[in-house]
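Trainee: Residue strings, one per chain:
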Amino acid sequence: MRNTAVSERWPDEFTRVCNQDDELRAHGRYFDCSYLLDMEEHRYQVVMHHGAVEKILVDPGPLDLRYQFLVKASADTWREFGKREPRPMCHGIWAATFREDMELQGDLLVLMQNLRCFTRQMELLRVSGVPV
Amino acid sequence: MAEFSPVTGRYVTFDVLGDQCRVFYLENGEGQPLLCQHTAGCHNHQWRYLLEDEEITSRYRVIAYDLTRHGKSDPPANKTWWKEEYRLTTEWYTAFVTGFCDALELEDPIFAGCSFGGNEALQLALRHPDRFGGIIAIEGADHSPGFFLDWWQHPHANASQVTASGVWDLMAPQSPDSDRAATWFYYSQGAEAFRGDLYFYSVDHDLRGRLGEIDTTNCPLVMITGEYDYLTPPEHSKRTAEGIEGAVFVEMEKIGHFPMSENYPVFKGYFQQALDTIRQKS
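Quick note, the sequences are listed as chains A and P, same order.
Sequential numbering of the first sequence, starting at 5, is according to the working numbering.
Sequential numbering of the second sequence, starting at 60, is according to the working numbering.
What the hints contain is simulated information worked out from the structure, not anything from laboratory work.
Idealized CB from N, CA, C, for every residue including glycine.
Do not rely on the hints blindly, as some may be mistaken.
[To be verified] Where chain P lies over chain A, by a calculated footprint (3+ residues, C-beta under 8 Å): (1) 93 to 106; (2) 115 to 121.
[As the list claims (entries may be wrong)] Covered by chain A, per the in silico footprint, the following chain P stretches (three or more residues, Cβ under 8 Å): (3) 209 to 221; (4) 225 to 231; (5) 289 to 297.
With the hints as constraints, model all of the structure from the sequences given.
Mentor: Here's what the structure looks like:
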């Protein structure tokens, strides 16, 4: 079930957690992209610039701002992904894409170009919480 | 005060199907040879803890080599290898392992291989059970499609990072950060070999329909697989073991695809159990 309190404060919390993360600060100098997280109940567009979260759009309209790739899964998969010890196959974007209902769409080259930092950033969902 | 490891490194040169291979290996211990194969695109440091574990090395001569083109083992010295696309085949891989055993004059070795080494373990069980005293297939299965990808060498992306972060999810979130980071680091060194290795792993290796030919009578076979392995999930290894008369399968909890490297204390218990099973069956 959706935690409304987490959902509403999530953009600020995820921004804070990411922008204070030592690993992203150490390796994110060229981490520039815009991506969408489709969590079934809500969609979040994250704009990264020089390794920092510049902007997060909640439920953006279809033409609000272009993005390069998206990661889509059911709310249940995202909720499991966000646990400290997720069950097997929900523990990573590759794992959940190969074995669960997660999908990677859009320009996957941009995803691959930023894979190190993006992978780290997704794991920070276990710190900020998942907003669905 | 400096500390010296009991592990020693050495080179050996031998022929593999006409290829002159200068191979680097680490070893420690005394007893029955225990031959350790690293995973695709990696090298023998994945076995760093096993090599220094006195409970193991007091009973086994642990030998961990770098497969040709990995770590400190260069590509074949007598070939213009840079003019060819690297694709590892079952035939070459199997000739390499048996050639290494011959070169070191190993008697009754146990072969332990992980991932593409786990798949090779099954090939050895099929083709050369007479050469080994036992076989441990770690994260292995009869068929493992889906990872022979061009992303590992795409010139528009950082191949080191794509390779290393591409396999990150193969490890369990419970494994220690330091050992997951070390495994990531090893993978950042092997992108060029990784894709060619995965030709064997995902394409050339296919034992579907042939498992019944594997004879474990004189060469016990144990399969162990981590529950967080999304490439070869436990059910795939279990399916494989069920197709081989006499094979034993054990699922490893709270660990992933690089068990000896990502969380040795958890791996060790299962690995000792596998060695004990082989000893009992021998």
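Trainee: Each hint needs a verdict: does it hold in this structure or not?
Mentor: Each hint, compared with the structure:
no. : hint       : result
1   : 93 to 106  : holds (count 8)
2   : 115 to 121 : holds (count 4)
3   : 209 to 221 : holds (count 7)
4   : 225 to 231 : holds (count 5)
5   : 289 to 297 : holds (count 3)
Of the numbered hints stated above, none is contradicted by the structure.
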